[in-house]
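Make the complex out of the two chains shown on their own, each in a separate frame, by following the hints.
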Amino acid sequence: QSVLTQPPSASGTPGQRVTISCSGRSSNIGSNTVNWYQQLSGTAPKLLIYDNNQRPSGVPDRFSGSKSGTSASLAISGLQSEDEADYYCAAWDDSLDGPVVFGGGTKLTVL
Amino acid sequence: QVQLQESGPGLVKPSQTLSLTCTVSGGSINSGGFYWSWIRQHPGKGLEWIGSIYFSGKTYYNPSLKSRVTISVDTSKNQFYLKLSSVAAADTAFYYCAREEEYNSRFDPWGQGTLVTVSS
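So the sequences go chain by chain: U and B.
With the first sequence counted from 1, adding 168 to any position gets you this note's numbering.
With the second sequence counted from 1, adding 37 to any position gets you this note's numbering.
This is chain B alone, in the form it adopts within the complex (with noise of 0.2 Å):
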């Protein structure tokens, strides 16, 4: 039963990066047929894809946010990572990650979530 773990700051100042790091347990990174994947949540609003990645490293990343994201990941720890550079207020929301079967919308499991406020 593959388990994905959020983990990261809950605060972040205003034009500095968000790192996050999700954990995968019960299962490999390294199996094929599916990406890795963050998605986020504004408070109280919908879900918005972030980005995307493959055990390889080749990634895909929401138009909208590809200048600031970078998605890596590090194969030995089973782990991938999220950074958002220059973040604002309107970065704060509740960051998830999940696994994602390759070139679909079709999300699972998801980690629990965490919350990232950015304020100074």
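Extracted from the complex, chain U is given alone in its bound form (with noise of 0.2 Å):
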């Protein structure tokens, strides 16, 4: 059972909007900024949203983040093919549970 609730799945067709939802509590979401990460198929996580809204460099806009109180949610616009992939968010917790948690994880499926 992960710290931070995540919808196992989701999905949209090519060209649809797509958000997916990361629910914490006061000692996480609600006082600590939130991360979010890209896993492609056999590959290493990668950052993909920073400080609850912030692209590294490289990342397209059609993602974002927002936050407010103890949920954060990661938006895909446009959706494309390669953003078949999962997505979880991660946040530093300042309960006995942390330092660090992350989701469970969301499997994005593009039909």
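Where hints are given, some of them may not hold.
The calculated label-pair distances, taken between Cβ atoms and stated as ranges, are [unchecked claim]: (1) U:Q222 / B:T112: 21 to 31 Å; (2) B:K82 / U:Q184: 19 to 29 Å; (3) U:D229 / B:S44: 31 to 41 Å; (4) U:G183 / B:A125: 42 to 52 Å; (5) U:S179 / B:T112: 45 to 55 Å; (6) B:L152 / U:G226: 21 to 31 Å; (7) B:T58 / U:G237: 35 to 45 Å; (8) B:G94 / U:S177: 40 to 50 Å; (9) B:G94 / U:E252: 40 to 50 Å.
Treat the hints as calculated values from the structure; they're not laboratory data.
Where is the CB? At the ideal position from N, CA and C, for every residue including glycine.
Next up, the structure:
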């Protein structure tokens, strides 16, 4: 059971907008920034969004992040086939669960 | 461009100690503001943070693994290490090393990962 809660799966058709949620509590998302990772099949995870809504160099602006209270979201607009991957959220946690916690991951399928 | 590379045995016997090395290139492990971390992923499952170390040797660990984990660093070799003792089949996983921004869950970059199987 992961400390951060994500839906196990999500899907969309090319061109659509998809959102993936990440739910936590006051000790993690509620008081710390959220980072998102993309893991393509058979590869290592890659930083996708940091500090809630910042994109590293090279990440398309189709990817965006947001945070409100104890929840965060990753949005992908203009969905493309190459976006099919697993997505993970992560946050620092000030409780005994921490200090670093991940979500269980969401498998995004492009139909 | 900092790069990380894991190395170590791909097969470990139950009850023994898993030992992995992460070699950092393209940058110094002495650079402040970053911790150096180990993360694992059981096959087909999610990510699990194991622990992190600063170049000074300061560490912090996942509470669920703390009793079995030791992370160390050798700045002269630009390497850091993972030791996980008393392994069992449940420790079979892909093990990744990554650079972590200090006191954050921001891991970037990552190594390519190495699969460690625990089996007799």
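Hint by hint, here is what the structure shows:
no.	hint	result
1	U:Q222 / B:T112: 21 to 31 Å	holds, 30 Å
2	B:K82 / U:Q184: 19 to 29 Å	holds, 28 Å
3	U:D229 / B:S44: 31 to 41 Å	holds, 37 Å
4	U:G183 / B:A125: 42 to 52 Å	holds, 47 Å
5	U:S179 / B:T112: 45 to 55 Å	holds, 46 Å
6	B:L152 / U:G226: 21 to 31 Å	holds, 27 Å
7	B:T58 / U:G237: 35 to 45 Å	holds, 41 Å
8	B:G94 / U:S177: 40 to 50 Å	holds, 42 Å
9	B:G94 / U:E252: 40 to 50 Å	holds, 41 Å
Hint compliance for this structure: every hint is met.
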